[in-house]
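Let the hints inform the model, and build the full structure from the sequences given.
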Amino acid sequence: MNDLETTITGLLSDTGNSSDRLLQYLCTIQEIYSHIPEEVVELLAEKLHIPPVQIYGLVDFYSFLHREARGDYDILFSDNITDRMLGNQALINSLCNKLGVKRGEPRPDNRVTVDVTSCTGICDQGPAMLVNGRVVSRLDEERIQAIADLVEAGTSLANWPESFFVVEDNIQRRDILLSDLIFDGSAIENLLKNGSDAILEVLELSGLRGRGGAGFMTANKWRFCRDTEADEHYVVCNADEGEPGTFKDRVLLKSYADNLFEGMTLCAGVIGAKKGLLYLRGEYRYLVEALEETLQKRRDNKLLGENILGHEGFDFDIEIHLGAGAYICGEESALIESLEGKRGIPRVRPPFPVTNGYLEKPTVVNNVETFFAAAKISVLGADWFWSVGTEESYGTKLLSISGDCSRPGIYEFPFGVSINEILEACGADDVQAVQVAGAAGTTIPPQEFNRTIAFEDIATAGSFMIFSGQRKLIDMVQNFAHFFCHESCGLCTPCRVGGSLMKDLVEKVIAGHATRYDLNEMRNIGLVMKQTSHCGLGATAPNHVLDTLHKFPYIYEQQLAHAGFEPAFDLDAALGAAREITGRNDADAHIKDG
Amino acid sequence: MNDAVPEKKLKLATAALCGCFGCHMSLLDIDERILKLVELVEFDRTPLTDIKAVGNCDIGLIEGGVANTENVEVLRDFRRHCKVLVAFGACAVNGGIPAMRNQFDLQDCLQEVYLDGIGVENPHIPDDPEIPLLLDKVHPVHEVVKIDYFLPGCPPSADTIWIFLNELIAGEAITFPYSLIHYD
Amino acid sequence: MSSDKKFKLDGKDIPFHDGDTIMDAVLRAGEYIPHLCHNPEFKPNGSCRVCVVDVDGRHMSACTLPAAKNMEVDNSSEVILDQRRSLLQMLFVEGNHICPACEKSGACQLQAVAYYTRMLSPHFTHFFPRRSIDASHPDIIFYFNRCILCGLCERASRDVDGKNVFSISGRGINSKLVFNSPTGKLGDSALSATDKAVSVCPVGAILPKHKGYEDPIGERLYDTKPISVVGDVAANHSANDSSRNGD
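Residue numbers (our numbering), protein chains in the order written: chain A, 321 to 914; chain B, 53 to 236; chain C, 714 to 960.
Think of the hints as simulated: they come from the structure by calculation, not from any bench.
Careful: at least some of the hints might be erroneous.
Chain C stretches covered by chain B per the calculated footprint, using a threshold of three residues with CB under 8 Å from any CB of chain B [as the list claims (entries may be wrong)]:
| id | stretch |
| --- | --- |
| 1 | 819 to 832 |
| 2 | 836 to 846 |
| 3 | 922 to 929 |
The beta carbon of each residue, even a glycine, is placed where N, CA and C say it ideally should be.
What follows is the structure, given as structure tokens:
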């Protein structure tokens with residue numbers, strides 16, 4: 321057996337050799353070889369009894385998997401609009417120049433690749449980058465120079481200055497959820513003492529709704545799942561925090577994982593699950609080690625594993641699955657597909673995961689914050705949760721605040737808080753717009769700053785990006801249009817094709833070639849995407865365009881061409897090839913505007 | 053057919069860009085109905101009249117896609133002069149057969165035709181400034197100018213053209229029976 | 714008993730069975746909702762979205778939405794027709810659909826549904842992607858230019874032929890059909906000309922070799938009657954097959 325075969329055989333035997341783990345194997349292989357070598361695909365295909373084409377299907381779907389080798393240092397700049405506002409473009413160019421490397425292409429000596437990736441969830445401490453999966457935050461020219469030097473010197477990441485990798489929790493405001501953290505099994509004890517009905521009752525009374533944004537009643541979800549008969553039930557935590565501008569799960573996973581696992585175990589006890597899965601976005605791979613430690617500590621303390629807290633037959637354990645750079649996997653059915661080792665394509669619904677989820681078994685999929693809140697409610701009671709919030713939205717919401725303000729970070733606010741109050745708390749003035757709920761969310765103009773964060777007004781998973789009066793808001797539109805185009809899974813026509821058409825029209829606006837006709841086209845395409853897409857990604861992808869066209873028309877009008885109609889492509893540039901071939905450059909070898 | 057002849061005849065112009073003139077042939081296939089047509093319209097620039105420059109017109113029919121600088125020039129000229137501009141036939145509508153060259157680099161196309169092709173003598177890619185320069189791709193006309201109506205078909209049948217022109221001239225909504233809508 | 718299980722399609726009562734989607738019930742009732750990725754023999758995919766209907770104010774794909782009592786389904790309003798046309802136009806500009814040069818023309822479901830919706834132009838800006846042809850198979854030729862990613866060949870090959878020859882790879886606008894074979898070529902796959910996967914293609918992507926343009930213009934599947942009357946490409950293929958077998 322050669323080295324490669326030994327590695328693969330080892331990998332497979334460690335984890336029980338199953339095609340459900342295909343994505344996990346590929347993530348590990350990518351980490352070891354900086355790509356997925358052909359020989360590995362053949363070996364895996366043979367050992368897992370699946371066609372190679374299925375494996376390539378994954379490699380070509382997930383952004384963090386590659387057919388061709390990346391550099392020894394695989395550098396991915398976070399490219400959310402908030403990173404851009406903090407000047408990441410200049411830093412990317414600077415690093416590329418210093419290292420003599422082209423964006424997206426490995427340097428010929430294979431030392432380094434410099435590329436961009438969607439939001440990495442470090443918006444409050446950006447601009448950020450991932451280097452072989454580790455975060456370097458607060459980039460500036462000085463840090464870029466140091467990184468260039470370290471790369472040239474071939475310094476191993478372990479010997480890079482620790483300060484580069486510091487990611488602070490940055491909690492700026494605490495309310496009931498982030499106070500009095502006392503989780504050492506008390507939720508589980510409570511369950512064992514009072515039974516699952518009592519837990520469901522208190523959750524129901526509390527009115528807890530899913531914190532991922534959709535707001536489904538948590539008690540109902542757990543009850544439906546429990547009451548669906550099957551030989552196995554599953555608990556899945558959606559930690560694929562991919563919505564641009566969101567980073568509260570990063571903090572919960574890093575500093576409050578115990579509480580999250582307590583919530584998942586509570587859910588397992590209620591629905592009768594033996595296995596839980598934490599689907600962690602690939603961008604948060606650097607958190608895995610600490611999470612595994614927490615899991616082990618809980619096993620040691622009998623809070624996970626067999627006979628939890630000595631209770632005969634209460635067996636439950638949690639496995640961490642990594643994503644690999646696909647925003648769509650935040651959609652719960654795509655996430656389940658990904659957990660099963662497939663491309664993250666959203667399923668046809670119904671049936672819903674509560675009846676047909678992971679491996680077609682009844683499955684609860686909840687957001688990190690939801691499990692966290694559920695655990696606390698089960699111990700402290702519905703009254704505690706009710707003490708804040710609004711009638712339709714009890715409790716609090718963790719907001720991830722970034723952009724133009726003096727104190728970005730995590731803010732826990734009771735539901736019902738107004739945009740104005742939030743802006744004041746984080747030190748933002750001269751605000752042109754707030755993008756709530758991420759790229760898929762809503763663009764809020766100043767005249768609506770009295771609106772509130774609540775399921776009945778602006779529902780959000782917590783992303784809150786602030787744009788000052790100095791910003792060109794069209795830059796945000798451009799960033800998001802590219803984001804959605806990149807992240808569309810490609811299943812349905814409106815999202816796959818419409819998203820691409822939309823991106824091109826946004827570029828036409830930016831280039832100053834768009835006319836009112838084009839703006840109307842954008843409205844029409846946006847509406848088709850919104851109303852006919854297969855899943856929430858396509859349905860929300862045009863929001864930023866539709867919202868800004870409606871509420872910020874000036875950002876387009878400033879850029880409009882004067883003509884009534886402009887060609888869809890650059891006519892003169894389309895002659896470039898012919899000019900080169902013929903060597904012509906006379907007046908007739910050019911086309912002027914209009 | 054409207055019996056009432058309009059007081060002032062509408063002016064109609066046609067041009068063929070990158071196409072095969074098949075759509076124009078199909079226009080001629082309206083046969084004797086062309087006599088009725090000339091009662092309704094006056095032909096301006098068309099290959100039939102041999103008028104070279106388009107004047108102010110009510111209707112312009114554009115056959116063919118946009119493949120070179122001359123096509124762009126003619127198309128823009130028509131747009132400037134015609135109140136209503138019609139993409140006339142498959143190539144104008146989506147690039148058609150000529151757009152099949154979009155699968156290849158322009159260099160490869162020219163190389164094959166003028167340098168490596170069978171029977172080529174005196175191999176040389178034309179570079180005379182008199183010759184319109186090629187765009188890297190063939191485009192449908194609506195990607196270059198605003199188009200008011202689309203008449204698909206390779207070519208649109210004489211009946212399709214006849215119904216279209218009558219409805220257009222009469223100011224009616226354009227509706228075709230099922231069998232007259234086709235893309236080939 | 715089940716007689717109260719009805720919903721309304723453009724005001725007309727449509728009975729349904731438990732487990733029916735709107736599409737199932739509508740097709741059984743002899744009515745028509747345009748569709749491309751749907752084929753009653755296979756699990757719905759919900760990907761082309763051409764079967765969008767308005768159900769009590771929400772736009773849904775008829776092929777995936779379970780029928781329910783008293784639903785009001787709008788299958789013919791201008792808004793719905795416009796959206797269908799837009800979706801078709803998106804499919805047309807995404808690939809390279811040059812009908813005059815396609816053997817499937819006249820018997821192509823993409824074209825027929827576009828005719829049915831009175832689509833006169835592709836409207837949007839063309840992508841003109843560079844796509845290849847796979848002619849490596851002795852009996853079958855594959856034109857990537859014409860593939861609309863409906864996933865029917867994938868489902869047929871997996872569920873009926875038991876071969877898993879086709880799957881969709883990539884992501885977003887870079888999604889593409891791939892073949893399961895050691896070389897990635899169709900000729901090295903297990904596909905045979907009699908496979909179900911070959912006959913379900915609604916467009917001219919998967920075509921038999923050694924024949925073409927067999928039916929003269931005017932006598933092709935959709936030349937004179939619309940798809941709402943004639944039915945799907947795949948259904949007619951099966952019908953032809955059985956009549957030929959019966960000869």
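Problem set entry | Cβ contact check, 8 Å cutoff: the stretch 836 to 846 of chain C against chain B, three residues minimum | Held - the stretch 836 to 846 of chain C has 6 residues with a Cβ nearer than 8 Å to chain B, which meets the minimum of three.
Exercise. Under a C-beta cut-off of less than 8 Å, do 3 or more residues of the stretch 819 to 832 of chain C approach chain B closely enough to confirm the stated coverage?
Worked result: Per the Cβ count (5), the hint holds.
Exercise. In terms of beta carbon proximity below 8 Å, does the stretch 922 to 929 of chain C have 3 or more residues touching chain B?
Worked result: Three-residue rule not met by the stretch 922 to 929 of chain C, so violated; n is 0.
In summary, the structure is inconsistent with hint 3 from the numbered list given earlier, while agreeing with all the others.
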